[in-house]
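Undergrad: Each chain, written out:
Number of protein chains: 2
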Amino acid sequence: MSKELVFGHKSPDTDAIVAAMAYAYLQSKLGYDVEAVALGEPNMETSFVLKHFGVAAPRVVKTVSNEVDKVMLVDHNEPQQSADDIADVTVTHVVDHHRINGFNTAAPLYYRAEPVGCVSTIITNMFAENKIDIPAQLAGLMLSAIISDTLLLKSPTTTDKDREAVKALAEIADVDYESYGIEMLKAGTNLSAKSDAELVSGDAKSFTMAGKSVRIDQINTVDLNDVISREDGIKKAMNDEASEKGYDLFLVLATNVLDSNSELFVVGEPKDVVEKAFKTTLKDDRASLPGVVSRKKQVVPPLQDAFEA
Amino acid sequence: MSKELVFGHKSPDTDAIVAAMAYAYLQSKLGYDVEAVALGEPNMETSFVLKHFGVAAPRVVKTVSNEVDKVMLVDHNEPQQSADDIADVTVTHVVDHHRINGFNTAAPLYYRAEPVGCVSTIITNMFAENKIDIPAQLAGLMLSAIISDTLLLKSPTTTDKDREAVKALAEIADVDYESYGIEMLKAGTNLSAKSDAELVSGDAKSFTMAGKSVRIDQINTVDLNDVISREDGIKKAMNDEASEKGYDLFLVLATNVLDSNSELFVVGEPKDVVEKAFKTTLKDDRASLPGVVSRKKQVVPPLQDAFEA
Numbered sequence: 001m002s003k004e005l006v007f008g009h010k011s012p013d014t015d016a017i018v019a020a021m022a023y024a025y026l027q028s029k030l031g032y033d034v035e036a037v038a039l040g041e042p043n044m045e046t047s048f049v050l051k052h053f054g055v056a057a058p059r060v061v062k063t064v065s066n067e068v069d070k071v072m073l074v075d076h077n078e079p080q081q082s083a084d085d086i087a088d089v090t091v092t093h094v095v096d097h098h099r100i101n102g103f104n105t106a107a108p109l110y111y112r113a114e115p116v117g118c119v120s121t122i123i124t125n126m127f128a129e130n131k132i133d134i135p136a137q138l139a140g141l142m143l144s145a146i147i148s149d150t151l152l153l154k155s156p157t158t159t160d161k162d163r164e165a166v167k168a169l170a171e172i173a174d175v176d177y178e179s180y181g182i183e184m185l186k187a188g189t190n191l192s193a194k195s196d197a198e199l200v201s202g203d204a205k206s207f208t209m210a211g212k213s214v215r216i217d218q219i220n221t222v223d224l225n226d227v228i229s230r231e232d233g234i235k236k237a238m239n240d241e242a243s244e245k246g247y248d249l250f251l252v253l254a255t256n257v258l259d260s261n262s263e264l265f266v267v268g269e270p271k272d273v274v275e276k277a278f279k280t281t282l283k284d285d286r287a288s289l290p291g292v293v294s295r296k297k298q299v300v301p302p303l304q305d306a307f308e309a
Numbered sequence: 001m002s003k004e005l006v007f008g009h010k011s012p013d014t015d016a017i018v019a020a021m022a023y024a025y026l027q028s029k030l031g032y033d034v035e036a037v038a039l040g041e042p043n044m045e046t047s048f049v050l051k052h053f054g055v056a057a058p059r060v061v062k063t064v065s066n067e068v069d070k071v072m073l074v075d076h077n078e079p080q081q082s083a084d085d086i087a088d089v090t091v092t093h094v095v096d097h098h099r100i101n102g103f104n105t106a107a108p109l110y111y112r113a114e115p116v117g118c119v120s121t122i123i124t125n126m127f128a129e130n131k132i133d134i135p136a137q138l139a140g141l142m143l144s145a146i147i148s149d150t151l152l153l154k155s156p157t158t159t160d161k162d163r164e165a166v167k168a169l170a171e172i173a174d175v176d177y178e179s180y181g182i183e184m185l186k187a188g189t190n191l192s193a194k195s196d197a198e199l200v201s202g203d204a205k206s207f208t209m210a211g212k213s214v215r216i217d218q219i220n221t222v223d224l225n226d227v228i229s230r231e232d233g234i235k236k237a238m239n240d241e242a243s244e245k246g247y248d249l250f251l252v253l254a255t256n257v258l259d260s261n262s263e264l265f266v267v268g269e270p271k272d273v274v275e276k277a278f279k280t281t282l283k284d285d286r287a288s289l290p291g292v293v294s295r296k297k298q299v300v301p302p303l304q305d306a307f308e309a
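Protein chains in written order, with the working numbering: chain A, 1 to 309; chain B, 1 to 309.
Everything labelled a hint here was simulated from the structure, so no lab data went into it. Any given hint might turn out to be false.
It does not matter which identical chain is used: a pair holds within one copy or between any two.
Listed below are the simulated DSS-like cross-link pairs for lysine-lysine, each with C-alpha atoms no more than 25 Å apart in a straight line [said to hold, decoys possible]: (1) Lys161 x Lys62; (2) Lys3 x Lys161; (3) Lys62 x Lys186; (4) Lys161 x Lys29; (5) Lys167 x Lys131; (6) Lys212 x Lys70; (7) Lys297 x Lys3.
The following block holds chain A by itself, in its conformation from the complex (with noise of 0.2 Å):
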């Protein structure tokens, strides 16, 4: 059986990184040849998750095609989250809890999904399902993920299996997740060791929504002025990556993780459609969400939706 490289998508998160990590573990005692690998570097937050369990982060690697024939996605599945050349591979299995969108594949393939906070869930109870022991260090790692992925089961992604997976995951790891939680959230969110072109790409996604290139970043802060104080720069750098790299329009949530708020900066154009979209109005191209946290379930649906009506 040929290698097979395992991966989250493009600017990794915790939850990116970790299911990679968790799924070729998985992967590997079921017999599969696997490394995981991810694409991009670790972000603060995840630098502070493996440093906490003593783990080393993956190799980071740009193109996968140069290496294997066929790779496993996790916590993604549109191609341009991908590796650069995901056309060129064959995948073979994906895990994931986002939307599906421009995924087509020649041949049939695993693919399990659930619309549960956090992929590292999904994968705790494939551990089951396969009755084989999640070892403790990586426990921790998942734990992490699934608190990041939630922000410490907050978030409105958040279901009953992330609830059981951390209780499961925080007793396999011996580790009091409430306390580590706030720590690990703390630690992912300090923002004045980022440059501006630094925070609008560090968890930015792309998307296409009736053929606009949309893109979507998300900043984590324990206190919203930290990015408040800094719009104008903010901005300055939304606009630059918009116009190098061809965006039509470019949002940038910056998220309260512990009071679940949120503050959006928009660049570009449709920009009627975001209003509508989260029936709000721009003032000065920049809006108060209250209460939203979720990218995934609070900002893509409505917009797609609305960029549909």
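Position chain B against the provided structure of chain A, taking the given hints into account.
TA: Here is chain B on its own, set in the frame of chain A:
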């Protein structure tokens, strides 16, 4: 929770109907309000199966949005194989064993695909994962679906998971699957009772390949001469249907389910792509394809590749 309909593809075969019934049963046990329906009348084989196990056929529907807002799909995902108004409803769950093509959603969903011989095999394992017992009557139906899709475990699509599921279901249903399987396959191939038009539409599926509308039907038989002797009528029916529905290319694969050989009839263009796909030369728009029994594994992928080359 609002009611959802569960259904397989148009021109339903035994798995399309049975998998919908099995998945609806499983989901009802998991708390969903569901009804299994079908996008067409049961074929001869399915009628034999339903009668054998004393189960009524599911209600036949053409559209779904007049009844529900949400649906669950089994044994297909490509929109052209689904309900005519599939774009007007939300797909919340899919269980399938085909390639993913043209299937896009606005929101995350449950998607479970595995490259095994039959969807009823996947659902058999989902019952186990959820620790829910399969009633004997339903086990008999699911066993029949696997025998049908894998031609009694002889199709190249057959996997160890299908073999294990057949054994488990045969035990629950208390059926000698080998003698029952031959009886069932023979019951499904009484071609004399069908018109030429029925033969070329009985198990037909539509595909889009390189922008062309491609229709592929499969006729199972226990004697290829029963099909070859009707060649003129079958080609006329293919031509009529292609003109009426606007298919660019129409393939009918007649398969001997007992010895695993097929005869291919071709109407429309591009015929050179068909010859390239199957490394054969058409003679009077016809070719023998020894060892070919699986549309999904031995017809669609090489044809798709040839179209894209």
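Undergrad: Hint by hint, say whether it matches the structure.
TA: Against the structure, the hints come out as follows:
1. Lys161 x Lys62: neither (33 Å within a copy, 36 Å between copies)
2. Lys3 x Lys161: The answer is between: 23 Å across copies meets 25 Å, while 32 Å in one copy does not.
3. Lys62 x Lys186: neither (29 Å within a copy, 54 Å between copies)
4. Lys161 x Lys29: both (23 Å within a copy, 18 Å between copies)
5. Lys167 x Lys131: both (18 Å within a copy, 21 Å between copies)
6. Lys212 x Lys70: This pair counts as neither: shortest intra-copy Cα distance 30 Å, inter-copy 27 Å.
7. Lys297 x Lys3: Between. Shortest inter-copy distance 22 Å satisfies the 25 Å Cα cut-off; intra-copy 35 Å does not.
Hints 1, 3 and 6, counting from the list given before, are not met by this structure.
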